[in-house]
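Whole structure, please, built from the sequences with the hints as guidance.
Number 309 marks the last residue of the sequence shown (the working numbering); no jumps.
No lab work stands behind these hints: they were computed from the structure. All residues carry an ideal CB built from backbone N, CA and C; glycine is no exception.
Pairwise CB distance ranges, derived in the manner of DEER restraints:
1. Asp-214 with Asp-269: 16 to 24 Å
2. Ser-131 with Lys-48: 49 to 57 Å
3. Tyr-255 with Arg-67: 44 to 52 Å
4. Lys-48 with Glu-264: 38 to 46 Å
Straight-line C-alpha distance at most 16 Å; calculated EDC-like pairs for lysine to aspartate or glutamate:
5. Lys-178 with Glu-141
6. Lys-178 with Glu-209
7. Lys-261 with Glu-271
8. Lys-178 with Asp-194
9. Lys-82 with Glu-106
10. Lys-178 with Asp-198
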Amino acid sequence: MENPGRKLLLFLLLWPLLSVSCVSSPKSTVSWCVVSDAEEKKCLDLSGNATAHHVKGALRCVRGLSSRDCMVRIKNGTADAASMSADDIYAAGLCHGLELAAGESHNGADGISYYVVAMARRSSSDLSLLEMHERSSCHPGIRTTVGWTVPIGYLVNTSQISVGEQCNFPKAIGNFFGYSCVPGVKDPLHDPRGNNPRNLCEACIGDENDRHICANNHRERHYGEAGALRCVAENLGDVAFVKHTTVYDNLDGKNQESWALDLELEDLKLLCPDGTEAGLEEHERCHLAAVPANAVVVRLED
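Right, here's the structure in full:
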């Protein structure tokens with residue numbers, strides 16, 4: 008569970024920056040968008056404490072309906088900033104043109120929580136991240152940072168796909184890859200009109216009785232990061248988008264399923280953003296993204 012106090016502590020550290028960077032002229036009041044009762048309470052407490060301690064400027068707490076609603080509010084100027092998890096950071100930039108003011112720092116690691124990597128079988132000698140059109144892909148799940156938002160961000164930034172102003176990610180991904188496993192992509196929550204491409208479930212296998220195919224839970228055996236790795240290990244997908252730690256979390260007896268017991272580090276490689284490949288230990292230079300735990304999202308105007 009996220010700690011609203013830790014998230015909002017970022018605000019106090021960034022207050023001077025936000026008051027001059029979020030808008031074209033300095034502001035005496037900064038509006039912070041919150042999405043939960045706990046976050047709102049902490050925001051109000053911080054606002055009162057700041058006033059009591061004569062902190063320059065004022066904090067106004069704005070209640071958003073969701074993180075996406077906060078993005079819209081920041082974009083249109085009815086809010087100035089919000090602390091967002093990694094799941095929302097990329098969407099804030101891709102769909103709303105927002106910027107990061109800062110990220111959390113953990114143990115001096117410059118705010119990096121993990122690296123998102125593209126993992127493939129070493130025997131696949133003809134793969135390149137710059138030439139993945141019509142290939143197959145394995146994703147931990149719909150709307151996950153690792154398996155959805157970051158890969159989409161990479162494909163957009165390299166001009167391999169275009170999502171348009173509507174940010175119709177499923178359509179763009181379905182048109183790009185030949186087939187995939189994106190657990191949850193056909194769930195009513197994520198596909199209320201039933202329009203998401205069916206090929207985004209074609210690399211999914213469901214449970215042992217061939218039920219729950221493409222389910223957004225562990226009944227789909229290709230769900231989650233371990234499931235995405237399995238998808239590639241069993242040659243049902245060309246590339247898996249996972250954390251750099253995923254393979255180590257499932258080898259050396261840590262995962263007792265047969266596919267994991269049969270898998271060795273030497274069987275896998277990383278695909279790099281520049282089209283080259285690398286060993287698994289080279290994730291610090293060969294990754295799609297270095298993901299912060301949380302970051303403050305702001306609007307930067309000329």
